[in-house]
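K.L.:
One letter stands for each residue in the lines below.
2 protein chains.
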Amino acid sequence: MQKLVHGLIQTNSTKIVLIVLDGLGGLPVNGKTELETADTPTMDALAQSGACGLHLPVACGITPGSGPGHLSLFGYNPLEHQIGRGILEALGLGMDVRRTDIALRCNYGTIEQGIIKDRRAGRIPTDQSRKITERLKTAITKIDDAEIHFAPGMEHRFAVLMRFPEPLVPGADSINDTDPQKEGKAPLEAAAGTSAAERVARVARKFVSKVAEVLKGEEKANYILLRGFSVMPHLLSFKEAYGLNAVAIATYPMYGGLAKLVGMTTPAVSGGVQEEIDYLRANYDKYDFFFLHVKKVDSYGEDGDFDGKRRRIEEFDALLPQIVSLNPDVLIITGDHSTPALMKGHSWHPVPIILKSPYVLGGLCKGFSERECTKGELGIFPTVNLMSLALANAGRLKKFGA
Amino acid sequence: MQKLVHGLIQTNSTKIVLIVLDGLGGLPVNGKTELETADTPTMDALAQSGACGLHLPVACGITPGSGPGHLSLFGYNPLEHQIGRGILEALGLGMDVRRTDIALRCNYGTIEQGIIKDRRAGRIPTDQSRKITERLKTAITKIDDAEIHFAPGMEHRFAVLMRFPEPLVPGADSINDTDPQKEGKAPLEAAAGTSAAERVARVARKFVSKVAEVLKGEEKANYILLRGFSVMPHLLSFKEAYGLNAVAIATYPMYGGLAKLVGMTTPAVSGGVQEEIDYLRANYDKYDFFFLHVKKVDSYGEDGDFDGKRRRIEEFDALLPQIVSLNPDVLIITGDHSTPALMKGHSWHPVPIILKSPYVLGGLCKGFSERECTKGELGIFPTVNLMSLALANAGRLKKFGA
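In order, the protein sequences belong to chains G and Y. If you're matching positions, the first sequence starts at 0 in numbering that gives the first Met the number 0 and goes up one per residue. If you're matching positions, the second sequence starts at 0 in numbering that gives the first Met the number 0 and goes up one per residue.
Hints are computed from structural coordinates only; laboratory data are not their basis. Be aware that a few hints might be false.
Chain copies aren't distinguished; within one or between two, either way the pair holds.
Restricting the straight-line Cα-Cα distance to at most 16 Å, the calculated cross-link-like pairs of lysine to aspartate or glutamate (EDC-like) are [said to hold, decoys possible]:
no. : residue 1 : residue 2
1   : K374      : D117
2   : K181      : D95
3   : K14       : E371
4   : K2        : E79
5   : K31       : E376
6   : K259      : E197
7   : K398      : E301
8   : K116      : E133
9   : K398      : E376
10  : K14       : E218
11  : K130      : D302
12  : K374      : E212
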């Protein structure tokens, strides 16, 4: 699909705004979903005049993580392009991940006489864990020719990048986790699964020894377990794939990180949705494509807080006129997956979407909701097809064939 | 798809019930379809609260046979996994087909001086044909190292299994039909298309000679024509693919046979739908997945008996509360294909479906029918995706990606 689209790209001065309300889709509680319960006059009006439907992030019945959910929205098949756990962790902690890097999820653990007594170092408090990570950061900066970068996380978790002098070849991340998965066992040694990974595995083994040396006086966090060795996936950038100058406006690092994987500009934006909109408005002349991410809708869904999720949707709707008034050529409002408060987590349900452009039928839906969107002109379609639809509506795709 | 699902399986104690009303979908006669005409209060209530839609067994415009229709429902791509005609015939006649077997559809024919005079032996009556098959069964039990098993069929038709001592390798069934397709020609000799088939072809040639010897006194059925040489397809079992202990409750041998191909337990159940439901209820604790097959809906459709099909649907609906009251985690009611009485045969039309679980929107359809299902939240989807949807609704699939 992306290859087909790539061959038809033409550029113009249109603007596309993609707003992702994270985890937007929901399920009924007392007969109505979060979106159905929410008072959303602006989105309802857009749904009445725009094109609506539902999109399937990965496949029927498959619940997507945030990585696959966003890659799909960006037009990259999430089954072809899988993002390693280390990369996602590092992106989530705001690290500047590059093509020269191996990314790792790390745990502090407790070891005694070569045996792992606690895989989570007693879930040490985050402030203690941060201090220990600071010590490591000072003590270990380079191993062989690899720079070592640390990012502190919550409790016993943190992320590490091993930055090599040149981009890594495929297979360089083929290294087993050192976490034995059970207490009472010895940690595993980092071993290369391919010859391309040998150099990385050597650095990893030295890294584990050095950490153990630095932490040997610690009561609980006296060892490190490595998981999710991974390199950046090789993805065409938005510029290469679609000819778009794209910017990601997101306050949570993970989402900017995912956007960076596809070459979007990822400015630091702090605050809430109003600050994100302020950034969008202030920089509206600079880009063709705006990805604006609203995190809190998902967070309340994950907590099973139906009413909290409803309120976050309403708050967004109240701010939305500030974007609508810019009159972008294509305005899309949707989610990356469903997070029904009823299920307290991501789910497989298709995600409602509004696409507003001058080139839609409209008039099929009374408002914006999961059920109204089943009546829409877009039907139920694979999320990965959204970008071609957006580009078409923006006049950015030529005719296929004569 | 099945590979993706396989990697995400988690087990729990949920129950999934899949009810297949064979040939359920229909077309209007005097403005209404069989399902629309039928009085079905229980299915209508389920359609109102459950998720509805239509599924496409093979592809747009493609009319499926029973084999592809069921494989699709079970989550196996019917274009990748084709079931040989010999296998289907043997399963339909209730034979215990194994991986060591070559299955064949056979016809009695009339031969004179080496020329086929009648390819169907004058369509001899079934009772005569059965007696002749019994004679063959006594006379021919083994050829080389292959056991020969017979199953009598209707009129001039029957099935044969050649059972070898060990499982057959791919290509072992690459042997031409011996039926010349036209009267007035000599029968063809069974010839191997690959070296793997040579041993089987040798047995087949000896088999034809032996049969001719035994039947040489017969007036009409004095020869045998062989068609549809085939081996069991290699399919992952339901246990392997989905982690499900599955049982097939079917009174017609073909459907139990199809279920056996995917490793379901296939108890002998005789009687009608009530006896099938009795079996389901009595064995509800023993399995995770229940495939319950209702044949008669299709049979009346094939006969072009609109009213008979309607009545079979109503009879099923009247019994359905006995299953609903078990409150399975996921209850699915659908067909394997459409059989409109108007067309007196299978058709390509997508098949209406209800999926009931706690995790659906519901409220979109007024009742259960082809037309109401077009308004449902499931849309029109490939049948092969049904299993992932069922597993998701049963909480049996993990998240894809982080």
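K.L.:
Does each hint fit the structure? Answer for all of them.
P.N.:
Each hint tested on the structure:
1. K374 / D117: neither (53 Å within a copy, 54 Å between copies)
2. K181 / D95: This pair counts as neither: shortest intra-copy Cα distance 32 Å, inter-copy 46 Å.
3. K14 / E371: This pair counts as neither: shortest intra-copy Cα distance 27 Å, inter-copy 31 Å.
4. K2 / E79: Cα proximity of K2 and E79: in one copy and across copies (13 Å, 14 Å).
5. K31 / E376: Classified as between; 15 Å across copies, 22 Å inside a copy.
6. K259 / E197: Neither: 28 Å inside a chain and 47 Å across chains, both beyond 16 Å.
7. K398 / E301: Classified as between: cross-chain Cα gap 14 Å, same-chain 43 Å, threshold 16 Å.
8. K116 / E133: neither (24 Å within a copy, 72 Å between copies)
9. K398 / E376: neither (21 Å within a copy, 29 Å between copies)
10. K14 / E218: neither (56 Å within a copy, 48 Å between copies)
11. K130 / D302: For K130 and D302, the Cα distance exceeds 16 Å both inside one copy (29 Å) and across copies (71 Å).
12. K374 / E212: Intra 63 Å, inter 65 Å, cutoff 16 Å: neither.
Hints 1, 2, 3, 6, 8, 9, 10, 11, 12 from the list above are not met by this structure, while the remaining hints are.
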